[in-house]
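Asker: As you go down the protein sequences, you meet chains A and B in turn. Per the working numbering, residue 1 is the first one in the first sequence, and the count goes up by one each step. Per the working numbering, residue 289 is the first one in the second sequence, and the count goes up by one each step.
Think of the hints as simulated: they come from the structure by calculation, not from any bench. Please note: incorrect hints may appear among the correct ones.
Calculated cross-link-like contacts (lysine-lysine; reagent style DSSO-like; alpha-carbon spacing at most 27 Å) [to be verified]:
#1 Lys118(A) with Lys241(A)
#2 Lys85(A) with Lys294(B)
#3 Lys42(A) with Lys66(A)
#4 Lys42(A) with Lys199(A)
#5 Lys199(A) with Lys241(A)
#6 Lys332(B) with Lys118(A)
#7 Lys71(A) with Lys28(A)
#8 Lys42(A) with Lys287(A)
#9 Lys126(A) with Lys332(B)
#10 Lys126(A) with Lys336(B)
#11 Lys294(B) with Lys118(A)
#12 Lys85(A) with Lys332(B)
#13 Lys76(A) with Lys198(A)
#14 Lys42(A) with Lys76(A)
#15 Lys42(A) with Lys28(A)
#16 Lys76(A) with Lys199(A)
Between beta-carbon pairs, the in silico distance windows are [what the hints assert, rightly or not]:
#17 Glu81(A) with Met518(B): 22 to 30 Å
#18 Leu349(B) with Glu130(A): 50 to 58 Å
#19 Gln133(A) with Leu450(B): 33 to 41 Å
#20 Glu526(B) with Gly181(A): 21 to 29 Å
#21 Lys287(A) with Leu450(B): 49 to 57 Å
Here a beta-carbon is modelled for each residue, glycine too, at the ideal position from N, C-alpha and C.
Now for the letters of each chain:
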Amino acid sequence: MNNAAMDMEPTKSWNIRLVDLTLGYEDKVILDRINASMPGGKITVILGGSGGGKSTLLRHLVGLRKPLSGKIMLDKYDLFELSDKSFRALRRRMGMLFQDGALLGSLSLADNVGLPLKEHTGLSEKTIAEVVQYNLDLVGLADYGDYYPNELSGGMRKRAGLARAMITSPPILLCDEPTSGLDPINAAQMDALLVSLKKQNPDMTIVVVSHDIESLYTIADHVMVLNNGGIAYNGSMEDLKQTKDPFLRRFLDRNTIYEETREDLRFAMRPETRNKVQNALDAWLDKG
Amino acid sequence: MSALAKNILILPRFFADHLHMLIREIGAMSIFTAIGMRNIFTGKQFPKVLRQIHFIGSNSLFLIALIGFFTGMVLGLQGYYALATFGSEGVLGTLVALSLVRELGPVLTAIMITGRAGSAMTAEIGVMRISEQLDALEVMDINPYGFLVSPRMLASIVVFPLLTSVFNVVGILGGYFTGVYLLGLNGGIYLHRVQSSVQFDDIFSCYVKCLIFAVIVSAVCCYKGFYAHMRQDSVGPEAVSNATTSAVVLSCILILIFDYVATTFFTV
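Let the sequences and hints guide you as you build the complete structure.
Answerer: Structure follows, in C-alpha cells:
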C-alpha cells in the first residue's frame with residue numbers, strides 16, 4: 001500500500017480506529033490495550049479527566065509519538081507500519097490545533113498561517129497572502145495579520161492556530177483542548193467556529209480533545225470517554241445523553257463529582273498547621 | 289554484596305555512568321550535526337540564512353570590533369614592555385598580528401559569538417521545543433532540522449570568518465594605536481612588521497579554525513536547545529535555562545580543545 005496513501009481522494013472521510021492500542025512514556029502505561037473507532041466525517045470529542053491520556057492519544061494520532069503496542073488505523077492504513085514517505089504523505093492530510101496554538105514566536109500571524117503553503121508549494125507571495133487573509137477572516141482575525149503571537153490573547157492564538165491547521169484544507173483535523181483557558185464567550189466562539197468549519201467541510205473528520213462539557217454538548221457527534229487507562233464510553237452523543245452509567249453521569253453532571261470529592265478528602269490539616277499558616281499570611285498581609 | 293563492596297564500587301560506577309553518558313552525547317551530537325549539514329541545501333533556505341546572518345553577524349559586529357580593539361591595545365601594551373626588555377620593540381607589529389591571526393582572533397571571536405548569538409540560538413529553539421512549536425513544524429511536515437538548524441549552521445559558516453577578519457584588523461589597529469600613538473613607536477615599522485610577518489599559512493589556519501568553530505558553536509547551541517525537553521536535571525523553562533548555560537560552557541570548552549588540535553595540526 002505504501003504509496004497508496006498519496007492517491008487518496010481529497011474529499012474522502014477518514015475513519016480512525018484504535019486497535020489494541022497501548023500508549024505511554026517509557027515504562028509508564030497511560031492507556032492500556034484500548035479499542036475504539038472515530039467515524040469519518042464526524043466530530044469526535046475525546047473526554048476524560050486531567051492526566052487521563054487525552055492529549056497523549058492525540059499526539060499518537062498525529063504520529064508525534066509511537067505507541068508501546070497496537071495499531072492506529074486511518075481507514076485501512078496502519079499509521080506506524082507505513083514507510084517514511086507514506087507516513088509523511090498521510091500526515092500531510094492532518095491539521096492540528098495545539099493547546100496554546102503553538103505559533104512560531106518569531107513570525108507574524110500572517111506568516112505563521114501561511115507557513116505550510118510557503119514551505120511546500122510554489123505559490124506566489126500574492127496568492128499565499130490572499131489565502132492567508134481568507135483563513136484569518138474565517139477565524140475572525142482578518143485585521144491581525146501583522147501582529148506577533150505574543151501580542152495576542154490566548155483565544156486569538158488558538159484561533160490563529162486553527163487558521164494555520166486549516167490552510168492546507170486537511171481531511172482530518174485534530175484539536176487539543178481548543179476551549180481550555182478561554183472565557184465563556186471565547187470558548188463559545190471557538191465551538192461555533194468548529195461547527196461552522198464542519199458544515200463547510202462535511203467530509204472532514206474532526207477529533208477534539210476536551211474536558212469542557214459545554215463544548216461537548218455543542219459540537220460532538222461522537223464521544224470517547226477515557227478513564228483509568230481504558231475507555232469508559234465510545235459511542236454517539238445521543239446515546240451518551242441517555243446513559244445511566246454512574247461514572248459517565250458524574251462526568252456529565254460536574255456538581256456530583258465536586259460534592260463527592262469534598263466528602264472524600266483523605267487528608268485533614270492539623271489545627272496547629274492551619275493556625276501557623278494563617279498567622280504567617282496575616283503577617284504578610286499587614287506587612288508595610 | 290557487602291556494604292564495603294558497594295562503597296568501593298561507587299566511584300568506578302560513577303565514572304562508568306558518566307563515560308557512558310558522554311559517549312552517547314557525543315554520538316547524538318555528531319548525528320545531529322550531520323543531519324543539520326545535510327539539510328543545508330534543502331528547501332527554501334536563502335531568506336532564513338540571510339535572517340540568521342543578520343542576527344549572528346550584523347548584530348555582533350560592534351561587539352566584535354570593540355573587543356578586538358581592546359584586545360589589540362592590551363597586546364600592544366603588554367608586548368611593548370616585554371619586547372623592550374630585549375630592545376626589540378620594533379617587532380611589536382609581528383607580535384600583535386601573529387597573536388591575533390593565529391590564535392586570539394578566531395578563538396575570542398568564536399567565544400564572543402557563543403555568548404551573544406549561540407546562547408540566543410539555544411534559548412530560542414529550547415522555548416520552541418517546550419511550547420510545542422517544534423511539534424507543530426513536524427505536523428506541518430516541515431523538517432525542523434532544515435527549518436531551524438541548517439540555516440543557523442550555514443549562517444555561522446559564513447559569518448565566523450568575516451567577523452574574525454574584522455576582529456583581526458581592528459585588533460591590529462588597536463595595537464597600532466597603543467604602540468604608535470601612546471608609546472611612540474614608528475608607525476611605518478609597525479605596519480611593515482605586520483605585513484611581512486603574516487604568511488598565507490597563518491591566514492589559512494585562521495580561517496580553517498573559524499570554520500571548525502562555526503560548526504561547533506552552531507551545532508552545540510542548536511542541539512542543546514533542540515533537546516532541552518530531554519534534560520534529566522530540569523523541566524520547562526528551567527530546562528531551557530540550563531540548556532543555554534551548558535551550550536555556552538560546552539561550546540567554549542570545545543573551542544579551546546579544537547583550537548589546540550588545529551594549532552598542533554598546522555604547526556607540527
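Asker: Evaluate each hint against the coordinates.
Answerer: Hints and how they fare:
1. Only pairs whose Cα atoms come within 27 Å are accepted, and lysine 118(A) paired with lysine 241(A) is rejected, the gap being roughly 44 Å.
2. Simply put, lysine 85(A) and lysine 294(B) have alpha-carbon atoms about 51 Å apart, too far for the 27 Å limit, and the pair is violated.
3. Restraint check for lysine 42(A) and lysine 66(A): satisfied, since their Cα atoms lie roughly 25 Å apart, inside the 27 Å limit.
4. The hinted pair formed by lysine 42(A) and lysine 199(A) meets the criterion: a straight-line CA distance of about 10 Å does not exceed 27 Å.
5. Straight-line distance between C-alpha atoms of lysine 199(A) and lysine 241(A) comes to about 23 Å, which keeps the hinted pair within the 27 Å bound.
6. This hinted pair checks out: lysine 332(B) and lysine 118(A) have alpha carbons roughly 9 Å apart, not beyond 27 Å.
7. For a cut-off of 27 Å, the pair hint linking lysine 71(A) to lysine 28(A) stands: about 18 Å separates their Cα positions.
8. Our distance criterion of 27 Å between C-alpha atoms is broken by lysine 42(A) and lysine 287(A), whose separation comes to about 58 Å.
9. Simply put, lysine 126(A) and lysine 332(B) have alpha-carbon atoms about 17 Å apart, close enough for the 27 Å limit, and the pair holds.
10. Of the pairs offered as hints, the one joining lysine 126(A) and lysine 336(B) holds, with about 20 Å between alpha carbons and a cut-off of 27 Å not exceeded.
11. A hinted pair counts as satisfied when its Cα atoms are at most 27 Å apart, and lysine 294(B) with lysine 118(A) does not qualify at roughly 60 Å.
12. The suggested pairing of lysine 85(A) with lysine 332(B) holds, with an alpha-carbon distance near 20 Å, which does not exceed 27 Å.
13. A threshold of 27 Å between alpha carbons decides the hint, and for lysine 76(A) with lysine 198(A) the separation of about 23 Å falls inside it, so the pair holds.
14. Between lysine 42(A) and lysine 76(A) the CA atoms are separated by roughly 18 Å; this keeps the pair inside 27 Å, and the hint holds.
15. Among the hinted pairs, lysine 42(A) with lysine 28(A) is inconsistent with the structure: their alpha-carbon atoms are about 32 Å apart, more than 27 Å.
16. This hinted pair checks out: lysine 76(A) and lysine 199(A) have alpha carbons roughly 26 Å apart, not beyond 27 Å.
17. The supplied range of 22 to 30 Å is met by glutamate 81(A) and methionine 518(B), whose beta-carbon atoms lie about 26 Å from each other.
18. Between leucine 349(B) and glutamate 130(A) the beta carbon distance is about 39 Å. The supplied range of 50 to 58 Å is therefore violated.
19. For the hinted restraint 33 to 41 Å between glutamine 133(A) and leucine 450(B), the CB-CB distance of approximately 39 Å keeps it satisfied.
20. A hinted range of 21 to 29 Å for the beta carbons of glutamate 526(B) and glycine 181(A) is consistent with their spacing of about 22 Å.
21. Between lysine 287(A) and leucine 450(B) the C-beta distance comes to about 56 Å, which sits within the given range of 49 to 57 Å.
Of the numbered hints stated above, those contradicted by the structure are hints 1, 2, 8, 11, 15, 18, listed in ascending order.
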